[in-house]
Amino acid sequence: MRLLKYIWKNTVLKCLNSKMTVFVILMLVTSRSYLNPLRQFSMAVNYPVSWCVFPFAMCSFTYLIMFWFGVIYVNSDVPFMQHVNMYHAIRVGRRYWGLGQIGGICLRSLIMVLITIFSTILPLLPKIEWSNEWGKLLRTAATTNALSQYQSSVVIYSDIFSEYTPLELMVLEILVCTLICTFVGVLMFFLSLYMNKIIAVAGGLALAIALFPVLNMHPLIRYKLAKLIPTVWAELARIATVDHTYYWLPSLIYMVLFLLVGIAIMTGFIMYKIRHVEFNWDNEDM
Amino acid sequence: MSEKRHVIEVAHVNKNFRDNKVLKDVSLRCESGKIYGLVGHNGSGKTVLFKIICGFLSCDEGMVSVDGKIMGKDKDMLTEAGIIIEDPGFLRNWSAYHNLEFLYTIRNKKDKAYLYSVLKKVGLDPKMKRPVGKFSLGMRQRFAIAQAIMEDPGILILDEPMNGLDKNGVEEIRRLLLQMKQENKLIILASHNREDIDVLCDEVYEMEDGVLQKTFFAGD
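Residue numbers (the working numbering), protein chains in the order written: chain F, -8 to 277; chain D, 404 to 623.
Since the hints were made in silico from the structure, they are not lab data. Do not rely on the hints blindly, as some may be mistaken.
Stated by the list, open to error - Pairs of lysine-lysine residues, derived as DSSO-like cross-links and limited to a Cα-Cα distance of at most 30 Å, are as follows:
#, chain 1, residue 1, chain 2, residue 2
1, F, Lys264, D, Lys478
2, D, Lys537, F, Lys10
3, F, Lys188, D, Lys570
4, D, Lys530, F, Lys10
5, F, Lys(-4), D, Lys513
6, F, Lys(-4), D, Lys476
7, F, Lys(-4), D, Lys427
8, D, Lys424, F, Lys0
9, D, Lys617, D, Lys472
10, D, Lys537, F, Lys264
11, D, Lys478, F, Lys(-4)
12, F, Lys188, D, Lys532
13, D, Lys532, F, Lys0
14, F, Lys(-4), D, Lys515
15, D, Lys478, D, Lys424
16, F, Lys10, D, Lys424
17, D, Lys617, F, Lys0
18, D, Lys472, F, Lys(-4)
19, D, Lys570, D, Lys513
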């Protein structure tokens, strides 16, 4: 109970800071810009648009990379050695402090995903359709080139419509994106403890930039590479898409297991390191 | 009176930062009900010793034990201590009360009236909305003292607690520390001010280039 309380307090602290404010503004502006064509299309044909556009926005390369840059920027407060953490560690001990940081990364990841979802709904609010149907507008956008007339870089993939309802896809997207964000955050924490903060940020950026080669490779190589680069898996709306007989993404079970096992292994190494690491506090603001 | 008695034992502690030997065979024994003073130049190793006692740093040789428990083996952090080490770094955009409440509720239930009384005890207005980042150095120091004492810890490790305080502030904090000594607390403080040391401390140690030597007892 005490640990849960500390994780919650840590999450509040990790979310109420200037880095998180920058992330919120970044996602609001990016979403407004990337979803404006869909909004214009909706206005022009006078049809409401499904609330479930976040998974499709995440399939746009530039939107996705902005999201990952934001996530890495927020997580660049690793290894959590701001002075204020000294007063936490002395109160809870090393073990709880470490678990509190990892729990905080996990909850902050969920909050970042929810903020991004909210930022995709906000620009479409006057024309949102709150139902568990994909609706005429998205189906039309997926099967015709109507959306391209509005210079939209967000593509609607029709293959997903037969696999999941909007609610199912959104729940899965929240789960997968939260796990990927946690994976990236825990990886950065791990690298900052075993090496240093610069390598931690570089490691996070490498995962984000890896999107570029993965998405531009020959389908056979991409299919194999995509199994190792979790940042690509945020394109969950393409999970049913087949390209040259290869699926765009690995299976859902593979992704979730990979992320859970990866987070668990890194948590083990982090907790081992925290038992012995020398705490050197710095004056970075929270 | 605090019922639990505490004993801190530092035995033959050595600490190196690469080739720089920061602590050389440091030994010290502290008990509840006394104030121990540590004097020394900047960079002489006082803060490193405090960090080792608290559990933030480990020693290369020797050991630190608290109530018979060896730091780094039986316990990893001196969780029963109230501390001020280096700059008091808090949440700069939060008020003093909200900063205190955040730390206090890590281990305790929210108690607004009690936290108000702690802030008053160190001479701060509990209802002040001004963020801590806009405090003067003296106010920040008073606030740091409030943070250290608010959970009624049995041990206090205070690195330069009078830094930036005006004359009245120094007097108030001295009275507070003497009262805590009467309550059987174990207090170790570092100070550059000889008068603080003379007025407050029962035993005084001088740190020079990592070597710790006892200089005088109370009444000498």
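Going down the list of hints, with the structure as the test:
no.	hint	in the structure
1	F:Lys264 <-> D:Lys478	holds (16 Å)
2	D:Lys537 <-> F:Lys10	holds (20 Å)
3	F:Lys188 <-> D:Lys570	violated (42 Å)
4	D:Lys530 <-> F:Lys10	holds (28 Å)
5	F:Lys(-4) <-> D:Lys513	holds (12 Å)
6	F:Lys(-4) <-> D:Lys476	holds (26 Å)
7	F:Lys(-4) <-> D:Lys427	violated (41 Å)
8	D:Lys424 <-> F:Lys0	violated (39 Å)
9	D:Lys617 <-> D:Lys472	holds (24 Å)
10	D:Lys537 <-> F:Lys264	violated (36 Å)
11	D:Lys478 <-> F:Lys(-4)	holds (22 Å)
12	F:Lys188 <-> D:Lys532	violated (34 Å)
13	D:Lys532 <-> F:Lys0	holds (21 Å)
14	F:Lys(-4) <-> D:Lys515	holds (18 Å)
15	D:Lys478 <-> D:Lys424	holds (25 Å)
16	F:Lys10 <-> D:Lys424	violated (38 Å)
17	D:Lys617 <-> F:Lys0	violated (43 Å)
18	D:Lys472 <-> F:Lys(-4)	holds (27 Å)
19	D:Lys570 <-> D:Lys513	violated (33 Å)
Consistency note: the structure conflicts with the earlier hints numbered 3, 7, 8, 10, 12, 16, 17 and 19.
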